[in-house]
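Participant: Sequences are here, hints too, so could you generate the full structure?
Read top to bottom, the protein sequences are chains A and B. Note that my numbering has the first sequence beginning at 1, numbered continuously upward. Note that my numbering has the second sequence beginning at 255, numbered continuously upward.
These are calculated hints, taken from the structure and not from any lab test. Accuracy of the hints is not assured; some may be wrong.
[As the list claims (entries may be wrong)] Quick list of in silico lysine-lysine cross-link-like pairs, DSSO-like style, CA-CA up to 30 Å:
(1) A:196 / A:115
(2) B:450 / B:369
(3) B:450 / A:13
(4) B:450 / A:196
[To be verified] A partial selection of chain B residues facing chain A, derived with a Cβ cut-off under 7 Å:
(5) 266
(6) 439
(7) 457
(8) 488
Note that the structure is a prediction, hence the values are computed from the model and not measured. Just so you know, even glycine gets a beta-carbon here, dropped at the ideal spot from N, CA and C.
Number of protein chains: 2
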Amino acid sequence: MGTTQLETVPEPKYWHLKTVLSEALDQDFAVGEVLPNERELAARFGVARATLRQALEQLELEGRLQRRRGVGTTVAPPRVGVAVRDAQHGWPGEATDGWQLVNATETVPAAAIAKLLGTGSDQAVHTVRRTRVTQGQAVAAELLYVPAASVPGLSALDAPSGPARARAILRELGHLVLEGQDRSVELGSARADDAKELDRLPGAPVLLVTTRYFTAAGTAAVSVATYRADTCRLTFGDSGDVQITHDTAEPVAS
Amino acid sequence: MGTTQLETVPEPKYWHLKTVLSEALDQDFAVGEVLPNERELAARFGVARATLRQALEQLELEGRLQRRRGVGTTVAPPRVGVAVRDAQHGWPGEATDGWQLVNATETVPAAAIAKLLGTGSDQAVHTVRRTRVTQGQAVAAELLYVPAASVPGLSALDAPSGPARARAILRELGHLVLEGQDRSVELGSARADDAKELDRLPGAPVLLVTTRYFTAAGTAAVSVATYRADTCRLTFGDSGDVQITHDTAEPVAS
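Facilitator: This is the structure we're talking about:
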């Protein structure tokens with residue numbers, strides 16, 4: 001890394017610093033390497049600590065740096081491509097889709113979810129929690145909301161909680177005829193419970209993928225999956241030629 | 255808004271404050287309303303300014319608040335659903351897809367783009383810039399990279415620059431047989447030029463949508479679209495039943 005002093009530039013100083021740092025990361029640092037501390041870096045580039053911190057935050061947003069408590073700031077590996085299931089797929093849990101069942105409970109979902117489900121604002125629904133692990137790392141946590149009306153065959157005698165209960169709910173859901181699904185992706189901040197599962201601090205930037213599953217009767221289930229935004233790149237394959245990739249080194253289509 | 259004093263809680267203070275503020279926004283504030291200033295809010299909730307600022311940042315990430323220079327912090331309208339073209343669509347610009355041509359130049363793309371295109375690290379490619387406007391607001395800026403080899407019919411006599419040049423490049427691209435495309439979505443920070451077009455500061459969080467277009471010969475073009483993460487929710491419709499929606503009030507499938 002050089003000792004470049006920043007010249008006066010029309011763009012914000014932290015932005016220019018970010019560009020300089022980014023090049024330095026490419027040239028002088030290896031993945032996983034720990035950066036010098038903030039005081040040292042600020043001195044090296046002749047900038048205020050606040051400016052440095054803004055630039056580091058940018059690089060974190062872009063997935064170039066990881067900041068971890070007790071470790072410091074390290075050079076991040078390239079983001080992992082994580083395939084998002086597309087409409088060719090059926091109900092959640094139908095095939096090996098990389099998700100692991102954690103448990104099932106009944107909860108009153110947030111107002112926005114209740115609206116999507118068309119359930120009352122005080123109505124509890126089955127809530128299945130799943131996690132997705134890629135390359136040994138938890139990359140996503142999901143809550144799948146299923147109103148009781150969608151799974152009338154589910155008996156109180158079925159396992160009352162835990163993964164077995166979750167499996168019973170998915171099994172009943174799988175009996176319905178899936179007419180379609182849609183999906184949205186937006187920026188969010190990790191809820192405390194998801195953050196813990198994803199080894200992040202509450203409020204860390206995440207990508208929220210909301211999926212609605214439709215039967216002829218309407219919305220049968222809604223899934224909200226929280227993906228780590230620092231380490232994940234969501235991939236959407238060519239329709240009809242879907243693959244669960246862990247990277248995008250090769251084109252999906254031939 | 256109440257005068258709730260925050261009790262000691264196991265989760266980070268700013269996170270609890272965020273939840274309290276979020277409820278206050280639901281109950282006591284209208285969309286577009288300007289929040290009291292930071293000093294006043296910090297006093298009202300009995301927290302340090304730094305804690306308040308962290309909570310406000312969270313709410314901004316979640317799209318609940320907008321912070322604009324000279325205006326202050328306002329309550330954000332719900333995010334706009336912006337449909338991302340799916341594999342059912344053809345080449346960019348083929349149909350009315352909500353994108354407006356801005357100009358065309360020749361640039362040497364960043365290393366990551368050159369790798370996707372399979373072009374040399376010093377090789378200039380055609381670069382078409384487009385913007386997408388929804389409800390009168392610029393929601394996305396796109397750079398479409400097209401190697402000269404993909405558009406051999408493009409003549410130097412075609413308009414040398416500007417929208418006419420851009421149109422000529424897309425016209426030539428449209429003559430190729432599109433074999434497939436894939437797409438990825440990840441978190442990024444707005445580049446200075448995109449930020450300007452999107453009325454944001456450089457480094458603002460954005461959603462980067464990278465699309466690769468394949469012909470039998472390989473990757474013919476790569477598009478990198480930068481969507482405002484504060485105001486946009488990217489929607490992916492049901493395959494075969496795609497719509498350009500501005501909200502998701504109605505299910506895509508019947």
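Participant: Would you mind marking each hint as holding or not holding in the structure?
Facilitator: Verification of the supplied hints:
1. For the hint linking residue 196 of chain A to residue 115 of chain A, the alpha-carbon distance of about 27 Å falls within 30 Å, and the restraint holds.
2. Taking the CA atoms of residue 450 of chain B and residue 369 of chain B, the gap is about 27 Å. The hint holds against a cut of 30 Å.
3. Note on residue 450 of chain B and residue 13 of chain A: the hinted pairing holds, with a Cα-Cα distance of about 16 Å set against a maximum of 30 Å.
4. Of the supplied pair hints, the one linking residue 450 of chain B and residue 196 of chain A is violated, its CA atoms being roughly 36 Å apart against a limit of 30 Å.
5. Interface hint status for residue 266 of chain B: upheld, as the beta-carbon distance to the closest one in chain A is roughly 6 Å, under 7 Å.
6. Below 7 Å, beta-carbon pairs count as interface contacts, and residue 439 of chain B has one with chain A at about 5 Å; its hint therefore holds.
7. Given hint, residue 457 of chain B at the interface with chain A, holds; its Cβ is 5 Å from that chain's nearest Cβ, closer than 7 Å.
8. Checking residue 488 of chain B against chain A: minimum C-beta separation of about 5 Å stays under 7 Å; hint holds.
Comparing the model with each numbered hint stated earlier shows that hint 4 is the single one that does not hold.
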